[in-house]
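Trainee: So the chains spell out like this:
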Amino acid sequence: MSAIVVTGLTKKFGTLTAVNNVSFTVPEGEIFGYLGPNGAGKTTTIRILTGITAPTAGTAAILGHDIVEETLTARSHMGIVPETSNIYDDLTAWQNLMFTAELYRVGKAEREKRAQELLETFQLLDRKDDKVHGFSKGMKRRLTLAMGLVNDPRLLFLDEPTSGLDVQSNLIIKDVIRDLNDRGVTVFLTTHNIEEANTLCHRVAIINRGTIAAIDAPERLKQAIQSVQSVELAFDHMGTEVLEMLHRIPNVNEVRKEGDRVRLYTPDPGSVLEAAMASLKVQGIRPLSVNTLGPSLEDVFVKLTGLDRGHNRDPKGK
Amino acid sequence: MTMEYSLYHFRNDLHGAWAIAKKDLVIYYLKPAIYMSGLLFPLFMLLAFAVGKSAPIATLIPGLIAITSLFSASSIEPVAIPIERRTKTFDRLLSAPISLFALVLGESVSGLLFSGSICLALFIGGAVLLRTAAFSLPVLLLAIALSCFTFAAMGAVFSAYPTENVGEVMSLLNLVRLPLIFISGVFVPLETMPPWGMAVARISPLTYGNDLVRYGFEGTTHFGIAVDVVLLLVFTAIFLALGNFLYRKFNE
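Protein chains in written order, with our numbering: chain B, 1 to 318; chain Y, 319 to 570.
Please note that the accuracy of each hint is not assured.
[To be verified] Here are the simulated BS3-like pairs of lysine-lysine, each with C-alpha atoms no more than 25 Å apart in a straight line:
no. : chain 1 : residue 1 : chain 2 : residue 2
1   : B       : Lys128    : Y       : Lys567
2   : Y       : Lys406    : B       : Lys174
3   : B       : Lys131    : Y       : Lys567
[Stated by the list, open to error] Some chain B residues near chain Y, calculated using beta-carbon distances under 7 Å:
no. : residue
4   : Thr50
5   : Ile52
6   : Ile80
7   : Tyr88
8   : Asp90
9   : Ala109
10  : Lys113
Simulated from the structure, these hints should not be mistaken for laboratory data.
Think of the CB as a built atom: it goes at the ideal place given N, C-alpha and C, for glycine as much as any other residue.
Pulled out of the complex, with its shape left as it was, chain B reads as follows (with noise of 0.2 Å):
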């Protein structure tokens, strides 16, 4: 069975339209990333696969239950955190979880055994008895990441589930969403950052201006724009001067200055590679490293969604 099935879904706000048209299938047991700018339609989707908006046209059904006819059956199956960590700051750890449990109708001994369990995953065992207003951003993360697993739902919801996090945390939550996966749960992601998508998702969705621009595993994504390839070279002093030169070789699309390198996005990194390096040995510069690089997936996501750069294509590196 199918954990999401989305066909033809659209949302319109009077006469904006946020979801258009969107449809997916996710298979049980999948990590699904769902990547856009920020306005693409991202939140619009969730809100309806979780029937708290209703579409205006198309269909959606979870674990085989449709989201609208049979909303509360979808939701029980569901564990939800949403993008702000939304915990009653004057409850303890401990009775958040409790009144979460209560509404997913998780019965006293279960609920108060998945507490402590989950209470120990996320390292928060120690601060059960505190009120929530006293925890790190991190710590708050991690009791909502608790929250949306105390009914131990077979399809995870997490929307930037570890946006300005602290290392400790991003780590454990990352570890505990490989051992959801690992356990057979379906989780769909929606992140900003791309390098999480990368690495934990299975496949991966683009969305920009309520479309999907495409849906494939993030390796195929890579090879479908091979146009966006790069010459990364790494200097001991770049100067403006080294960068107006790079930026003059011929097949150069863009000029990227990431640090003391710099990446030169072509369609032929050999020959770019051949000229840059003749570029350098006249003006007697020698470069400390150099790689030529695939595209990444966040190429793959400005490609599709005809993001600007902005400030990167100067070549003077403003």
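We have chain B; now place chain Y onto it with these hints.
Mentor: Frame of chain B; chain Y shown alone:
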């Protein structure tokens, strides 16, 4: 939104509503805005009307209980829901496997329990300090319970207004609550009202709550116990249905 509703979901709704009521009581019992609006405001208002009048203070207790049930029961949700919208915890309730009706019911039950306890405290305080006695304790308890639940459901209607600002909801609510206390026989006995005044009084739920509370204390009623009870139940049903409708409408 659902066509799947069954006995199983109804039980889930009752369970969820009770969880929401308990959560509200733990979190919002001690919020200053609720105490100011729910207890101190009606107390000061009644004292303001009583100053300079010859009636003994003990005679104020029935009226105080009636308007306290209105102000305290209708205050919980208009404070709680905008706060929960701001902190996004409201989305947690909206996305739980319970219906909107369970949400409205849970919020109303918390208003009933909060307000009921305050009204009981007023009754006990009056009995101990002023020696006010109930003519019929069962009717008085019924009057308190029904009034509190009706006005808690009324609070749910106003809290559906889609704002994160407590003040906005309270302003709207006070536009209705304040006139109610003047047209419902709390300060001016129903028997002395002109015909147009009686006509207006009949559309106020506080009229029937106040009438029932007075019976509980004094053994006299204008409309009769049965009429008061039935009309309070009708108002409650209307408020719950309207609250449910508005939450659904504004949620879109």
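Trainee: Are the hints correct? Go through all of them and say.
Mentor: How the hints compare with the structure:
Taking the CA atoms of Lys128/B and Lys567/Y, the gap is about 38 Å. The hint is violated against a cut of 25 Å. For a cut-off of 25 Å, the pair hint linking Lys406/Y to Lys174/B stands: about 24 Å separates their Cα positions. Restraint check for Lys131/B and Lys567/Y: the C-alpha separation of about 34 Å exceeds 25 Å, so the hint is violated. For the restraint placing Thr50/B at the interface with chain Y, the shortest Cβ-Cβ distance is roughly 5 Å, inside the 7 Å limit, so the hint holds.
Interface restraint check: Ile52/B against chain Y, minimum CB-CB distance 5 Å, threshold 7 Å, status holds. For the restraint placing Ile80/B at the interface with chain Y, the shortest Cβ-Cβ distance is roughly 5 Å, inside the 7 Å limit, so the hint holds. Hint status for Tyr88/B: holds, given a least beta-carbon distance of 6 Å to chain Y, under 7 Å. At about 5 Å, the closest approach between the beta carbon of Asp90/B and any beta carbon in chain Y falls short of 7 Å, and the interface hint on this residue holds.
Using the Cβ-Cβ criterion of 7 Å, the hint placing Ala109/B at the interface with chain Y is not satisfied: the shortest such distance is roughly 15 Å. At about 18 Å, the closest approach between the beta carbon of Lys113/B and any beta carbon in chain Y exceeds 7 Å, and the interface hint on this residue is violated.
Going through the hint list in order, the structure does not satisfy hints 1, 3, 9, 10.
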